[in-house]
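K.L.:
Chain A is already provided as a structure; the job is to place chain B on it using the hints.
Protein chains: 2
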Amino acid sequence: MQVEQILETCLYVDDLEAAEEFYRRVLGLTAFSRVKGRHVFFRCGQGVFLLFNPARTRQPEGDLPVPTHGAQGPGHVSFAMPPADIPAWREHLRQQAVPIEAEITWPSGGFSLYFRDPAGNSVELATPQTWG
Amino acid sequence: MQVEQILETCLYVDDLEAAEEFYRRVLGLTAFSRVKGRHVFFRCGQGVFLLFNPARTRQPEGDLPVPTHGAQGPGHVSFAMPPADIPAWREHLRQQAVPIEAEITWPSGGFSLYFRDPAGNSVELATPQTWG
Numbered sequence: 001m002q003v004e005q006i007l008e009t010c011l012y013v014d015d016l017e018a019a020e021e022f023y024r025r026v027l028g029l030t031a032f033s034r035v036k037g038r039h040v041f042f043r044c045g046q047g048v049f050l051l052f053n054p055a056r057t058r059q060p061e062g063d064l065p066v067p068t069h070g071a072q073g074p075g076h077v078s079f080a081m082p083p084a085d086i087p088a089w090r091e092h093l094r095q096q097a098v099p100i101e102a103e104i105t106w107p108s109g110g111f112s113l114y115f116r117d118p119a120g121n122s123v124e125l126a127t128p129q130t131w132g
Numbered sequence: 133m134q135v136e137q138i139l140e141t142c143l144y145v146d147d148l149e150a151a152e153e154f155y156r157r158v159l160g161l162t163a164f165s166r167v168k169g170r171h172v173f174f175r176c177g178q179g180v181f182l183l184f185n186p187a188r189t190r191q192p193e194g195d196l197p198v199p200t201h202g203a204q205g206p207g208h209v210s211f212a213m214p215p216a217d218i219p220a221w222r223e224h225l226r227q228q229a230v231p232i233e234a235e236i237t238w239p240s241g242g243f244s245l246y247f248r249d250p251a252g253n254s255v256e257l258a259t260p261q262t263w264g
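Line order of the protein sequences matches chains A and B.
Using our numbering, you'd call the opening residue of the first sequence number 1 and step up by one each time.
Using our numbering, you'd call the opening residue of the second sequence number 133 and step up by one each time.
Next up, chain A with everything else stripped away, as it sits in the complex (with noise of 0.2 angstroms):
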């Protein structure tokens, strides 16, 4: 057996609506499903980014026997981007008041913009060669 996919890719944040706010204005992701102060949901291409309070989610919630879990401190994700958008990218993080953190030259020939959320997660927008 074999998975293929992912389907689910979690940040935890304190405050979900910051969050929401960052991700819509800096990302231009739309939240599809939310509950307030519990989490956010946006789709991203085949799959979901979904964000979760962790204070919520390692309690039990609700009818559906859904497992608890919740993470502490800065997480990770990194979103693909196009070689030709990075100037774009990098103008449009500037005009959000979003301070690039890093930018890397991999030696793959990839490249990566490194920011952060206002939870302090580590975001990540990487150009796919950075992976071959």
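Please note: incorrect hints may appear among the correct ones.
[To be verified] Short derived list, chain B residues pointing at chain A, Cβ under 10 angstroms:
# : residue
1 : Q137
2 : F181
3 : V209
What the hints contain is simulated information worked out from the structure, not anything from laboratory work.
Just so it is clear, the structure is predicted and the values come from calculations on it, not from any experiment.
Even glycine gets a Cβ: it sits at the ideal position worked out from N, Cα and C.
P.N.:
Then chain B, alone, in the frame of chain A:
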């Protein structure tokens, strides 16, 4: 500007060897990169699935200015499972002695199987119908 694909999905584990063995044996993933004590990387579909030891990634390391990150406590990831494979996955988990923590049929008509990796992360196999 809008991101259109997730490239990197991350979880944190304390024991990378145990985690690599688990994700290979149970999920069928083959590592393509590892740095002992720091990380193990797998390809999965269009993206990569990254396991990090947060005790290492919270510290700067190496020549490149890779931003630090590293969360503690149980995270969550979900992999896509074709509906026709549900019985085979259930049997595979049984054969691999991986306890199923929960099975959920969602209002959307989707179906999820949940279990834990050796670090306690919540791992899910879900039919794409879960997200419509």
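K.L.:
For the restraint on Q137/B, tell me whether the closest CB of chain A is nearer than 10 angstroms.
P.N.:
It holds, given that the least Cβ distance between Q137/B and chain A is near 4 angstroms, below 10 angstroms.
K.L.:
Against chain A, with CB atoms and a cut of 10 angstroms, does the hint on F181/B hold up?
P.N.:
OK, holds: F181/B within 10 angstroms of chain A, min 6 angstroms.
K.L.:
Does the interface hint hold: is V209/B within less than 10 angstroms of chain A, judged Cβ to Cβ?
P.N.:
The hint holds - V209/B has a Cβ within 10 angstroms of chain A, the shortest such distance being about 6 angstroms.
The structure fails none of the hints (numbered hints given earlier).
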